[in-house]
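Residue numbers (this note's numbering), protein chains in the order written: chain A, 4 to 426; chain B, 1359 to 1614.
In case anyone wonders, no lab produced these hints; they're calculated from the structure. Where is the CB? At the ideal position from N, CA and C, for every residue including glycine. Hints are not guaranteed to be accurate.
In silico EDC-like cross-links for lysine to aspartate or glutamate, where the CA-CA straight-line distance does not exceed 16 Å [claimed, not checked]:
hint	chain 1	residue 1	chain 2	residue 2
1	B	K1588	B	E1572
2	B	K1543	B	E1572
3	B	K1433	A	E165
4	B	K1543	B	E1500
5	B	K1552	B	E1531
6	B	K1552	A	D231
7	B	K1583	B	D1562
8	B	K1433	B	D1454
9	B	K1543	B	D1394
10	B	K1523	A	E232
11	B	K1523	A	D231
12	B	K1523	B	D1562
13	B	K1583	B	E1419
14	B	K1588	B	D1562
15	B	K1588	B	E1421
16	B	K1523	B	D1453
17	B	K1439	A	D390
18	B	K1433	B	D1577
19	B	K1420	A	E362
20	B	K1583	A	E362
21	B	K1523	B	D1454
22	B	K1420	A	D390
23	B	K1552	B	D1577
24	B	K1583	B	E1421
Far from chain A, by Cβ distances over 10 Å, these chain B residues were calculated [claimed, not checked]:
hint	residue
25	I1384
26	T1392
27	I1412
28	Q1414
29	T1425
30	A1444
31	G1508
32	W1533
33	R1538
34	I1560
35	T1568
36	P1604
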Amino acid sequence: MHCAAISMCLLLLAGNISCAHAEEGLNLSGEDRFGLLPRHANTRGPLAAALALQPSLAKPPQDSAQLALELRGRWQQWVADVWMASERPRGGPSRTEAHVNELNFSGELAGWQWSTGKKIVSWDVGYAYRPNDVVQQEARRSLLDNTPEGKPLLQLERFGAEDALSLVLVHPQRLGNDGLEGARFDREPALAARAYQRFGALDAYGFARWGRHTGASLGMALAWVAGDEWELHASLRALQRHDGWQAAPGSAGTPLAANPWQVQTQGRASQVLLGLNWTGAQRQGLLFEAWHDGSAPSAGQWRDWTARNSALIGQGRQPGLPASLQSAVAGNLAWQTSPMAGPGLQRDNLFLRLSWQPEPWQLTLDGLYQPADHGRIWTAGLQWQGDRWRLNASWRVQAGPARSVLAQLPTQRSGVLAATRAF
Amino acid sequence: MKHSLTMLALIGLLTWHASPQAAEAIDVPALLKTADRYRGGSDNLQVDTLITQIGQDGLAEKERRYTVFAQAQHKSLVLMKSPAEAGQKVLMLGDDFWLLMPGSQRPMRITPSQKLLGDASTGDIATLSWSEDYTGALVGVERCASEGGGPERACLHLSLQATRKGVSYQRIELWLGQARHEPLKADLYVQSEKLAKQARFIFDHPGAPTQVTEMLLQDQLSQHKLTRVKYLARAPRQVPESWLNPMFLARNPSLD
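Just chain B, same shape as in the assembly (with noise of 0.2 Å):
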């Protein structure tokens, strides 16, 4: 019993040491990198994703299906499919924003907070981009719950700070496993410093992962909903430039 506390401390001791050491050695951009390839993994990309709003009852209260053309330098355009919203789109072009609806068909500017009060931020999410929107540092090496229970295992914390002002969350707490870096869990801050939503990600092979399936966020800031982003199909496209053209979407085409 004794060999084994004199065991544990030292263990203690040791990873109380190596974290310092690993803050040091880690390539944080490289690892927001590896991260985003979990979600992505391409600079143009279209998205399509499934939107479920879980209420505290459990049951599902509202579905949107959103299609997102996630293009490089910072510029996305989410369609909504949802029979609700059909015809809606949200175009964002840095930390540009303007919202087209399908009755007026003219682009309205939107703020930063209007971007918010939409599902459609949900889907920004869903593409966000760690690697190009956050310069982040090591906070330490800690224990992170595995999904499904099972037992607890090192991961990585980083905080990550927004590097321009468009970006729905000024601030992450990130948290990466150890061996993969895959994303486990991530707190987002907004603007206000206030944390909005926790989210978890949810892989398509728990042992070795290559890509995240779902995405469950935590609404902390209003209702504390659960929100569940199923991502429904991921791959590589780049769109016409007209399509980031608010003037463009305004005309309705089709952009299938």
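Isolated chain A, as found in the complex (with noise of 0.2 Å):
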């Protein structure tokens, strides 16, 4: 309650100096958020099945409603945007966090633009998955949108009439940092550039990437407004090392005293996305994307994942397990939940949404269905966009067969009713 009053104050104040200080060269907008986010939990799955074994081992998904703001400032050449929310999830305490999206210092020397600082960079040309999002790798098919948390990083533009080149070395603070702790994914210190020609209806990139231990990373896309009413994207991407999830050697079936799943460099891989966008008369339209990631854990890894988690929940239904197994056995299928975190869950991907857009309203419908198990998300969003305030619904379902990925989520289902506004 303390912290959702300190919020309030943090709210109003915000309103006030967007006001005071615009006529000051200092520029100030954000926007402040009421969500209610209901949440149920899986009754399916591997942390189904620990809570079965151990109810205190674990909170499951709990419904929540959460306070936010998020203040952006632009001062001369100084960008920032800080973003803050309390969250109070049912029957609990109040958790209150903030972070720092962007505070970033730029400038032009001799026909290049600079800036350094934490900043948002977001490449490629994909809406459901981007292979070359090599800077930011941000959170994508979100139930609500959020301004990604930027990276720190140093970056060099430059800009032609139809060309650029950029040049962005992200994470260098962990460059003289040998350990791989706290580098892995996103967080690993890389140098990355991107060169963009438009041809006319194309957009053409090129992307290199190196980073400290996956290595040399190489990949092009292309935009394409094939007619009035279509657009065509495609994204390529071929890696040399990756980032990935992956179960130690020998652990099969029984329960382990350590996390068998661990984040290690992979060898080689590929991503591909191939999309296209069709927008209709009357404000109708379908966006498909179909696409493979290399990246995320192979068919055979989820067969492994299946089997220990059957043979873990086997040997939790044994009568008379000792206590002390039947805790470790918990844990174990608790761990079994490490490879859902990662960017990927399967190779393969089709996704598709529909939208309407009779003004103010925007109505949505996508599904996400991943073929090598029939695991499915479908997710209906509305949203009414007035002067100043935004309302947002959304329901997302996790479905499929009983022993798909998808299907076996800690979370089965979860919504948002949130109420924006923009100042």
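Both chains come to you apart, so use the hints to assemble them.
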């Protein structure tokens, strides 16, 4: 309650600041939001099985209420974006968190634009998946649009009339740290480059990245407006090495003393995206994307994962199991959720979004389908946009056969009811 | 009475003959340039607009502010200024369009149909250059109602056809005042030949117009709403070339 009161004061303060400094070269804007976030825990999957054995092991996903504020400021060559939120789960204490999305300083030198600090740098042409988003690697397909948290970086860019070149050194502060702890996935220090050339209705991009432990990757992307209603896009990336979840060998079915799933540096992989956008005269739209993510766990890894789940669940159901062993089995089942936290679950994915925008409303229905195990995610969304207020309602269901990965995620159904005020 | 009828018939006959003759003599490109000057007057412009959408009950439903940098060679940059859309930009380079959202900071290629979904296309209409983007022919001399309910007056009816596919409206039926060639009204047709919007123009001095101050757009496609485009400020301004590069705009630079 105390945190909520502080947050409310900040929201009111933000509104006043925006009025007070508008004429002093300081440009402030932002939005505050109140949201209800219903969550329904899954009754299937390794976490549900773990909690059935030992309910105190972890908290299942819970409903919560959230009050959030995002404040953006620009003063001369400085840009800042700060986010803070207070979230109160049902029956639990409030939790307040804050982070700086952006805080950077920019300038120009000898025809090059430079930036240093924490900055959002989003690349690539896809919507549901972007293999060449090699700096930001922002979360996608979220229930509610949130500004991503930027990365510490140094950026140099040069712009022509129809071309551009960008060079980015991301996480330079970690360059002197030899350990891999805290430097996996999008936290790896890396040098990335993007070249852009426009050919009329076609945007062409080339990408290169060199990560300190994942080595080199090369990519390219195209976005082409093929007609009044059609846009086609494609993206391709080849990786020398990549980070991914891997189970320790010999972890087939016995409880272990440590989590067998660890993020490790793995070998070559490729990522491919093909997509299209269609927009009709009656404000209806269709987005279709198909992609292969060679850095996601393989079908064989998921088969082993399923076999280990079954073996652990079988052991946990043995009558007369000692409490210590039951606790060990529960812990091992909870560890089985580790690979579900990776950036991609299955390698092959199909995504379809249907939308209709009769002003001021926007309705969306989208589905993600994973052919390997027929897992599905369905999401329905409704948005109303006023002059200052925006109302959102979304509902997401993970579905599919009982053994599919998506059907075993810790959260089976989730939603958002949110009111956002821009200032 | 008989005399008056004879006179009317004579005037009618003269008018009927005069229209085709006028059509032959009139220089349509010059007419369009003159008509453009009432809304702009320069190749490179900064135009600040306030767009108000009015519902069927006459109440304002939505207000949006835009700054449009309309540059030579069919290049435009629309900056959204209202709190609900702050930071969004639409870049239009000839027939090619990009949308930039503040939360994503990457330029997204959009189709002409996607451009029409947003209010930015209304800003686009506000700076549309008829003389550069359309060829036209005189349909004839007609009678047009005056703004504010004054007496009808003679006007020139032009039929315009887009010279490039990127413009929002492929055909425009345009009516200009016969004496000063100021735009009076326009019917805007989309690619499918459907009538999308009907425009009327409001001037600073109705008796001796020098500038369009407002444009009223009646939607004819879906919700039949009325949109009022108010020109808040207009000034010649050439923006740096880099501002018209979508990758530069993704830097979220200050564009004041």
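Hints, verified against the model:
1. B:K1588 with B:E1572: Holds, because 4 Å separates the two Cα atoms, which is no more than 16 Å.
2. B:K1543 with B:E1572: holds, 12 Å
3. B:K1433 with A:E165: holds, 13 Å
4. B:K1543 with B:E1500: It holds: about 12 Å lies between the C-alpha atoms, which stays within 16 Å.
5. B:K1552 with B:E1531: holds, 12 Å
6. B:K1552 with A:D231: With a Cα-Cα distance of about 15 Å, the restraint between B:K1552 and A:D231 holds, given a limit of 16 Å.
7. B:K1583 with B:D1562: violated, 24 Å
8. B:K1433 with B:D1454: With Cα atoms ~9 Å apart, B:K1433 and B:D1454 stay inside 16 Å; holds.
9. B:K1543 with B:D1394: holds, 13 Å
10. B:K1523 with A:E232: holds, 12 Å
11. B:K1523 with A:D231: holds, 8 Å
12. B:K1523 with B:D1562: Judged against 16 Å, a Cα distance of about 33 Å means the pair is violated.
13. B:K1583 with B:E1419: The given pair, whose Cα atoms are some 10 Å apart, holds under the 16 Å limit.
14. B:K1588 with B:D1562: It holds: about 12 Å lies between the C-alpha atoms, which stays within 16 Å.
15. B:K1588 with B:E1421: holds, 11 Å
16. B:K1523 with B:D1453: Status holds; Cα separation ~6 Å.
17. B:K1439 with A:D390: Roughly 11 Å separates the two Cα atoms, so the pair holds.
18. B:K1433 with B:D1577: violated, 25 Å
19. B:K1420 with A:E362: Holds: B:K1420 and A:E362 sit about 10 Å apart, inside 16 Å.
20. B:K1583 with A:E362: holds, 11 Å
21. B:K1523 with B:D1454: Cα-Cα ~10 Å, so holds.
22. B:K1420 with A:D390: holds, 6 Å
23. B:K1552 with B:D1577: holds, 11 Å
24. B:K1583 with B:E1421: Answer holds: B:K1583 to B:E1421 is near 13 Å, not above 16 Å.
25. I1384: With a cut-off of 10 Å, B:I1384 remains clear of chain A, as the shortest Cβ separation is near 32 Å.
26. T1392: Its Cβ never comes within 10 Å of chain A, the nearest being 31 Å, so this holds.
27. I1412: holds, 13 Å
28. Q1414: holds, 13 Å
29. T1425: holds, 14 Å
30. A1444: It is violated; B:A1444 is separated from chain A by about 5 Å at its closest Cβ, not greater than 10 Å.
31. G1508: holds, 34 Å
32. W1533: About 26 Å separates B:W1533 from the closest Cβ of chain A, which puts it past 10 Å; holds.
33. R1538: holds, 36 Å
34. I1560: holds, 23 Å
35. T1568: Holds, since 31 Å exceeds 10 Å.
36. P1604: violated, 8 Å
In terms of the numbered hints stated before, the structure departs from hints 7, 12, 18, 30, 36, listed from lowest to highest.
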